[in-house]
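Engineer: For the sequence shown, my numbering begins at 1 and goes up steadily by one.
Any given hint might turn out to be false.
As the list claims (entries may be wrong) - For lysine to aspartate or glutamate, the following DMTMM-like pairs were computed, each having C-alpha atoms within a straight-line distance of at most 25 Å:
| id | residue 1 | residue 2 |
| --- | --- | --- |
| 1 | K193 | E112 |
| 2 | K193 | E177 |
| 3 | K266 | E23 |
| 4 | K65 | D77 |
| 5 | K90 | E112 |
| 6 | K90 | E161 |
| 7 | K90 | E44 |
| 8 | K266 | E12 |
| 9 | K193 | E166 |
| 10 | K164 | E112 |
| 11 | K172 | E194 |
| 12 | K182 | D142 |
| 13 | K271 | E23 |
| 14 | K182 | E12 |
| 15 | K266 | E126 |
| 16 | K65 | D91 |
| 17 | K271 | E126 |
| 18 | K90 | D165 |
| 19 | K266 | E194 |
| 20 | K90 | D102 |
| 21 | K172 | E151 |
| 22 | K90 | E194 |
| 23 | K193 | D165 |
| 24 | K65 | E84 |
| 25 | K90 | E61 |
| 26 | K90 | E124 |
| 27 | K172 | E153 |
| 28 | K65 | D102 |
| 29 | K271 | D130 |
| 30 | K266 | D135 |
| 31 | K182 | D225 |
In short, the hints are calculated from the structure, not lab data.
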Amino acid sequence: MTDITTASASPEDLLAIYRTRREQSVVQPRGNLALVNTQWVDSEQPVYGVAGLWAPLPAGESGLKVTATASDNIRVDGVLVDGEAIVAGKDSAAPGDVVFSDTVSGFVIASESGSYALRVWDSESEGIRDFGGIDAFPYNADWVITATWTEIEGGTSVGIEHLKDEGKPREKVLPGEITFTKDGVDYNLAAFKEGRALLLVFADATNGVSTYSVGRFLMVAPNHDGSITLDFNRAYLPPCGFNYNFNCPLPPRQNRFTVSIEAGEKNVLNKAGELLH
Numbered sequence: 001m002t003d004i005t006t007a008s009a010s011p012e013d014l015l016a017i018y019r020t021r022r023e024q025s026v027v028q029p030r031g032n033l034a035l036v037n038t039q040w041v042d043s044e045q046p047v048y049g050v051a052g053l054w055a056p057l058p059a060g061e062s063g064l065k066v067t068a069t070a071s072d073n074i075r076v077d078g079v080l081v082d083g084e085a086i087v088a089g090k091d092s093a094a095p096g097d098v099v100f101s102d103t104v105s106g107f108v109i110a111s112e113s114g115s116y117a118l119r120v121w122d123s124e125s126e127g128i129r130d131f132g133g134i135d136a137f138p139y140n141a142d143w144v145i146t147a148t149w150t151e152i153e154g155g156t157s158v159g160i161e162h163l164k165d166e167g168k169p170r171e172k173v174l175p176g177e178i179t180f181t182k183d184g185v186d187y188n189l190a191a192f193k194e195g196r197a198l199l200l201v202f203a204d205a206t207n208g209v210s211t212y213s214v215g216r217f218l219m220v221a222p223n224h225d226g227s228i229t230l231d232f233n234r235a236y237l238p239p240c241g242f243n244y245n246f247n248c249p250l251p252p253r254q255n256r257f258t259v260s261i262e263a264g265e266k267n268v269l270n271k272a273g274e275l276l277h
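Produce the complete structure using the sequences and hints provided.
Structural biologist: Here it is, written out as structure tokens:
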């Protein structure tokens, strides 16, 4: 059934709904502010903040092995660990899940090189406790752009740097090109696949001035007529803008605007209205 109120709402009202949902999402038990540790495991070792000894599996196997006693109260896929258990990684057809307490949980992620890390989440984290809101620009119709989407058969590969990778690029497949002209300037942007949509990682002249210094994200999807809508009012802060435990992609060169895009989210604030971190 169509929501008549939403269907008849103004762009400003729809943006307000979107922003309310964004603030709700980041304080969820596994929202951006709940992540308290991402620790890569290359030998048997403890993981900061949680019980058990964690170890890698033989090459080609997904996940990590945990060794614990029943008194550690670790549950893997709902079963209390008393000895050893395997936590399958997110790259597995059946990813594992770990519960450490009523508020602390975890899962295992994989790198492109085949190593694995335990991510630990706390629904009562310091970040959630101190969160005040997401500062954002008011709605700006000038930054709702209809661009042209040109699919690249088979895609093309581009190296994308990440915040914590010390300049080493990761190869990403770009399925097409986004082109448009604004204020006499031609743009050709790169967006890589993110699930069923495309993720545009971009920087502009507001970064480090009025917005998060690293850049911002925008999720987009091609339209059936070959166009693609870039509504920069929906631009959002990357996970690393909320939490140092994330490693975010950096904007590729062609996505670095020299102008100010005064639309979308700006910064994460604490309850005092200051930068959260």
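Engineer: None of the hints should be skipped; say for each whether it holds.
Structural biologist: Against the structure, the hints:
Our distance criterion of 25 Å between C-alpha atoms is met by K193 and E112, whose separation comes to about 16 Å. At roughly 12 Å between alpha-carbon atoms, K193 and E177 fall within 25 Å of each other, so this suggested pair holds. This hinted pair checks out: K266 and E23 have alpha carbons roughly 13 Å apart, not beyond 25 Å. Taken as a hint, the K65 and D77 pair is honoured in the structure, with Cα atoms around 13 Å apart against an allowance of 25 Å.
Between K90 and E112 the alpha-carbon distance is near 12 Å, which keeps this suggested pair within the 25 Å criterion. With a C-alpha separation of about 22 Å, the suggested pairing of K90 with E161 holds against the 25 Å cut-off. At roughly 20 Å between alpha-carbon atoms, K90 and E44 fall within 25 Å of each other, so this suggested pair holds. For the given pair, K266 sits about 17 Å from E12 by alpha-carbon distance, which is consistent with the 25 Å threshold.
With a C-alpha separation of about 23 Å, the suggested pair K193 and E166 falls inside the 25 Å cut-off, and the hint holds. The hinted pair formed by K164 and E112 meets the criterion: a straight-line CA distance of about 14 Å does not exceed 25 Å. For the hint linking K172 to E194, the alpha-carbon distance of about 11 Å falls within 25 Å, and the restraint holds. The suggested pairing of K182 with D142 holds, with an alpha-carbon distance near 10 Å, which does not exceed 25 Å.
Taken as a hint, the K271 and E23 pair is honoured in the structure, with Cα atoms around 13 Å apart against an allowance of 25 Å. For the suggested pair K182 and E12, the alpha carbons sit about 22 Å apart, so the restraint of at most 25 Å is met. Only pairs whose Cα atoms come within 25 Å are accepted, and K266 paired with E126 is accepted, the gap being roughly 21 Å. Pair hint K65 plus D91 holds up; C-alpha atoms about 15 Å apart against a cutoff of 25 Å.
Straight-line distance between C-alpha atoms of K271 and E126 comes to about 12 Å, which keeps the hinted pair within the 25 Å bound. Distance hint between K90 and D165 is fulfilled; the C-alpha atoms sit about 21 Å from each other, no more than 25 Å. Between K266 and E194 the CA atoms are separated by roughly 22 Å; this keeps the pair inside 25 Å, and the hint holds. Proposed proximity of K90 and D102 is supported: the alpha carbons are some 22 Å apart, at most 25 Å.
Note on K172 and E151: the hinted pairing holds, with a Cα-Cα distance of about 15 Å set against a maximum of 25 Å. Simply put, K90 and E194 have alpha-carbon atoms about 15 Å apart, close enough for the 25 Å limit, and the pair holds. Taking the CA atoms of K193 and D165, the gap is near 20 Å; set against the 25 Å cutoff, the hint holds. A C-alpha spacing of about 7 Å is found between K65 and E84, which places the hinted pair at or below 25 Å, so the restraint holds.
For the given pair, K90 sits about 12 Å from E61 by alpha-carbon distance, which is consistent with the 25 Å threshold. Between K90 and E124 the alpha-carbon distance is near 24 Å, which keeps this suggested pair within the 25 Å criterion. Taken as a hint, the K172 and E153 pair is honoured in the structure, with Cα atoms around 15 Å apart against an allowance of 25 Å. Note on K65 and D102: the hinted pairing holds, with a Cα-Cα distance of about 22 Å set against a maximum of 25 Å.
For the hint linking K271 to D130, the alpha-carbon distance of about 6 Å falls within 25 Å, and the restraint holds. Of the pairs offered as hints, the one joining K266 and D135 holds, with about 5 Å between alpha carbons and a cut-off of 25 Å not exceeded. Between K182 and D225, the direct Cα distance comes to roughly 20 Å. Compliance with the 25 Å bound is thereby established for this hinted pair.
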